[in-house]
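> This note's numbering puts the first residue of the sequence shown at 1, with every later residue one more than the last.
I should point out that these hints are in silico values taken from the structure, not numbers from a laboratory.
No false leads were slipped in.
With a cut-off of at most 20 angstroms between alpha-carbon atoms, the simulated DMTMM-like pairs for lysine to aspartate or glutamate come out as follows:
# : residue 1 : residue 2
1 : Lys318    : Glu268
2 : Lys344    : Glu376
3 : Lys364    : Glu71
4 : Lys136    : Asp74
5 : Lys136    : Glu121
6 : Lys278    : Glu260
7 : Lys364    : Glu77
8 : Lys329    : Glu302
Simulated DEER-style distance windows between Cβ atoms:
#  : residue 1 : residue 2 : range
9  : Leu337    : Glu121    : 51 to 57 angstroms
10 : Ser392    : Lys8      : 18 to 24 angstroms
11 : Ser321    : Leu237    : 35 to 41 angstroms
12 : Lys230    : Lys400    : 49 to 55 angstroms
13 : Gly16     : Asn234    : 32 to 38 angstroms
14 : Lys186    : Gly114    : 28 to 34 angstroms
15 : Ser345    : Leu237    : 31 to 37 angstroms
16 : Gly29     : Lys230    : 36 to 42 angstroms
17 : Lys136    : Lys8      : 30 to 36 angstroms
18 : Pro288    : Glu375    : 16 to 22 angstroms
19 : Ala132    : Lys6      : 29 to 35 angstroms
20 : Glu214    : Arg287    : 44 to 50 angstroms
21 : Thr339    : Asp25     : 34 to 40 angstroms
Note that CB positions come from ideal geometry on N, CA and C, so glycine has one too.
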Amino acid sequence: MFTKEKIKQLQKALKGLELYNGNIDGIVGSLTLGAIRKFESLMSDRRLVEKPKDQLDELQSSTVKLSQDTEGADIEEALIFTLKNEGGYVDIPQDRGGATNKGITINTLSRYLGRKASKKEVKNLNHKTITAIYKKYYWDVMNLDNLQDQSIATVLFDMGVLTGPGTSARIAQEVLNITQTKKFDKATLQALNATTAQEFIPKFAKRHIKRFNEIVANRPSQKIFLKGWKNRANRLLTLIHEDDIENKSPKTNQTNLIGEELYALAKEVGVPKEDIQKMIDWQKEHRPQSNPRYWVVFKIKEHSRKKRMHIFDRVEKKVQSVYATHGKKSDPNHDGLATEFSNKSGSHKSALGLYRTAETYIGKHGQSLRLDGLEESNSNARKRAIVFHGASYAQNKFVKKYGKCGRSLGCPAVGHSVVKDLIAKIKGGSLLLIS
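Produce the complete structure using the sequences and hints provided.
Written out as structure tokens, the structure is:
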């Protein structure tokens, strides 16, 4: 549709707007698409809706850092969503906030700069400054880097911007049925990481709508803003991805013996018979009613230049082998060989053992798959946020260039080009053995 030269021109323009920091190569990758989405959010000029001022409250919170082995949510993604809700530049004399652009008032900008800001500076706010302000006064205060699910982090951030971080925390705690501290403390963050977007977001949006109705009931003059508030809360529902709701179990064939055909398939790629036997034994003992179509063995001790993760399709009698990563502390010399393993949170090491795939979610790396550790050697998988996700450093191009995969924080990551297909196959109950 577009020539490479045209795409290069687009990349140059986005770089000139300080939205793109990739190469001018004419290739439409994630960086180019991300820059386009940032541009779209900045150009969105919805009518500015008055914020429910009696709900705006300061969040008294200290920095919390959960010990995890995966990267948390990303403010850039959340901001793309939120900026579409915030108006462009306005300077209405009756508005006590004064000159405002993308939800940032002249007083907020002055506070950030440490001096009196001018209306011109408000009008000419760039994406870098906008991001820094929202990060300082909202994202970091709410400790949202600790959340694994990008959708959950985004809805908390968006309502935090609209109603105040403390209100966002309090309503989240009410939805989670935990103590209401109005802080994104350790207990709250852990509870948020234990829930799903499918379960949390509808309740969170509904509770906000109830609160907006209560505000108008107490202050009828605010009714003019009610529709806008409700529309913003309802827009949160668009962050629930269909895949989260379906969460289908892996395809099964009850007419066959559990694990039938696996031994022959494993032999094709040199996977020991003992590995297959271990998986089948667990399935027979704990899930005898289920016979998954897909089974996975990750031979993590082999060099990462090899396609060492093997996905066995028991029905089609096929094997798919892909590149996969190990934790960076498992390979301290970064020579492509994993030699050290751990089940400890924050170790950034891979953990050996048998895992069972669970539900999907959207995280910093896109669609990801949660894993449950089934042995003492990997029992902290959930706590550590060890998940199956995509990564650029597991792509064929990366391995060809560097002679090895890059390293994760402990997660078994595969290339972005194959991750969605693999997640669709193995989610909801397949076994994955890391040995």
